[in-house]
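S.K.: Here's the letter readout for the chains.
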Amino acid sequence: SQKIEQNSEALNIQEGKTATLTCNYTNYSPAYLQWYRQDPGRGPVFLLLIRENEKEKRKERLKVTFDTTLKQSLFHITASQPADSATYLCALPRSARQLTFGSGTQLTVLP
Amino acid sequence: DTEVTQTPKHLVMGMTNKKSLKCEQHMGHRAMYWYKQKAKKPPELMFVYSYEKLSINESVPSRFSPECPNSSLLNLHLHALQPEDSALYLCASSQGPSDTQYFGPGTRLTVL
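Quick note, the sequences are listed as chains A and B, same order.
So in the numbering used here, spot 60 of the first sequence is number 60, and the numbers just go up one at a time.
So in the numbering used here, spot 54 of the second sequence is number 54, and the numbers just go up one at a time.
A hint or two may mislead.
What follows is a list of derived Cβ distance ranges for each label pair [stated by the list, open to error]: (1) B/K9 to A/S1: 32 to 38 angstroms; (2) B/P69 to A/D39: 26 to 32 angstroms; (3) A/K57 to B/A39: 27 to 33 angstroms; (4) A/A83 to B/E44: 27 to 33 angstroms.
Computed list of lysine-lysine pairs in BS3-like fashion (alpha-carbon distance at most 27 angstroms, straight line) [stated by the list, open to error]: (5) B/K36 to B/K18; (6) B/K18 to B/K53; (7) A/K17 to A/K55; (8) B/K22 to B/K53; (9) B/K40 to A/K71; (10) A/K71 to B/K41; (11) A/K55 to A/K71; (12) B/K40 to B/K19; (13) B/K38 to A/K3; (14) B/K22 to B/K38; (15) B/K22 to B/K41; (16) B/K9 to B/K22; (17) B/K41 to A/K63; (18) A/K63 to B/K40; (19) A/K3 to B/K36; (20) B/K19 to B/K36; (21) A/K3 to A/K57; (22) A/K3 to B/K41; (23) A/K59 to A/K17; (24) B/K38 to B/K18; (25) B/K41 to B/K19; (26) B/K9 to B/K36; (27) B/K9 to B/K38; (28) B/K22 to B/K40; (29) A/K57 to A/K71; (30) A/K3 to B/K40; (31) B/K40 to A/K17.
Think of the hints as simulated: they come from the structure by calculation, not from any bench.
Glycine included, each C-beta is placed from N, C-alpha and C at the ideal position.
Whole structure, please, built from the sequences with the hints as guidance.
M.R.: This is the structure:
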């Protein structure tokens with residue numbers, strides 16, 4: 001069956017360091033992968049989309065990689081700030097209209 | 001305007017009540033979605049509307065009834081819910097079926 005795993009439920013890092021979050025999947029052949037941020041009690045907010053033919057994508061302090069051989073995406077936040085504290089979700093398309101979300105990683109950036 | 005709005009923000013209802021959740025977007029998106037999210041879990045897809053027609057129902061119990069009156073509005077009618085239906089209900093929209101989804105802030109539903 002299809003499965004999406006995010007490396008850990010919670011990740012604590014010191015302000016200024018780079019946070020690295022992992023998304024692994026099995027039994028998918030996704031054309032793309034998305035990353036979302038969710039704050040408590042709020043809806044997810046789209047951050048980045050990376051397509052299967054793209055190895056890396058950047059947006060400001062964010063960087064996403066996509067390795068279809070390893071079936072893995074890495075999400076990096078450089079120069080992390082306390083305001084980056086949130087839950088980060090990866091999402092894969094199960095079909096054209098069906099996104100399936102990973103369980104999320106709760107990131108806490110300590111001042 | 002890249003906003004999806006949802007009303008109400010909070011809803012408390014008894015198991016015999018009938019209530020509705022509302023969602024609105026003015027981005028011209030042709031796909032709209034309802035998700036359910038329990039605490040510390042990811043959003044789970046419930047329904048997808050594409051061009052105002054229900055295209056996906058993820059085997060959701062009939063006590064949840066979606067409605068898409070027009071291309072900007074999406075409703076979720078609730079009737080005879082159970083306490084385990086208490087959750088954050090999220091609406092989302094996208095331009096096309098494979099595009100980025102824009103989420104609303106959600107309605108926090110409590111069933112007593």
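S.K.: If a hint holds in the structure, say so; if it does not, say that too.
M.R.: Here is how each hint holds up against the structure:
no.: 1; hint: B/K9 to A/S1: 32 to 38 angstroms; in the structure: 36 angstroms, holds
no.: 2; hint: B/P69 to A/D39: 26 to 32 angstroms; in the structure: 30 angstroms, holds
no.: 3; hint: A/K57 to B/A39: 27 to 33 angstroms; in the structure: 31 angstroms, holds
no.: 4; hint: A/A83 to B/E44: 27 to 33 angstroms; in the structure: 28 angstroms, holds
no.: 5; hint: B/K36 to B/K18; in the structure: 18 angstroms, holds
no.: 6; hint: B/K18 to B/K53; in the structure: 23 angstroms, holds
no.: 7; hint: A/K17 to A/K55; in the structure: 23 angstroms, holds
no.: 8; hint: B/K22 to B/K53; in the structure: 17 angstroms, holds
no.: 9; hint: B/K40 to A/K71; in the structure: 24 angstroms, holds
no.: 10; hint: A/K71 to B/K41; in the structure: 22 angstroms, holds
no.: 11; hint: A/K55 to A/K71; in the structure: 12 angstroms, holds
no.: 12; hint: B/K40 to B/K19; in the structure: 25 angstroms, holds
no.: 13; hint: B/K38 to A/K3; in the structure: 19 angstroms, holds
no.: 14; hint: B/K22 to B/K38; in the structure: 19 angstroms, holds
no.: 15; hint: B/K22 to B/K41; in the structure: 23 angstroms, holds
no.: 16; hint: B/K9 to B/K22; in the structure: 10 angstroms, holds
no.: 17; hint: B/K41 to A/K63; in the structure: 25 angstroms, holds
no.: 18; hint: A/K63 to B/K40; in the structure: 25 angstroms, holds
no.: 19; hint: A/K3 to B/K36; in the structure: 19 angstroms, holds
no.: 20; hint: B/K19 to B/K36; in the structure: 16 angstroms, holds
no.: 21; hint: A/K3 to A/K57; in the structure: 23 angstroms, holds
no.: 22; hint: A/K3 to B/K41; in the structure: 14 angstroms, holds
no.: 23; hint: A/K59 to A/K17; in the structure: 17 angstroms, holds
no.: 24; hint: B/K38 to B/K18; in the structure: 21 angstroms, holds
no.: 25; hint: B/K41 to B/K19; in the structure: 24 angstroms, holds
no.: 26; hint: B/K9 to B/K36; in the structure: 14 angstroms, holds
no.: 27; hint: B/K9 to B/K38; in the structure: 16 angstroms, holds
no.: 28; hint: B/K22 to B/K40; in the structure: 24 angstroms, holds
no.: 29; hint: A/K57 to A/K71; in the structure: 16 angstroms, holds
no.: 30; hint: A/K3 to B/K40; in the structure: 17 angstroms, holds
no.: 31; hint: B/K40 to A/K17; in the structure: 25 angstroms, holds
The earlier numbered hints are all upheld by this structure, with none contradicted.
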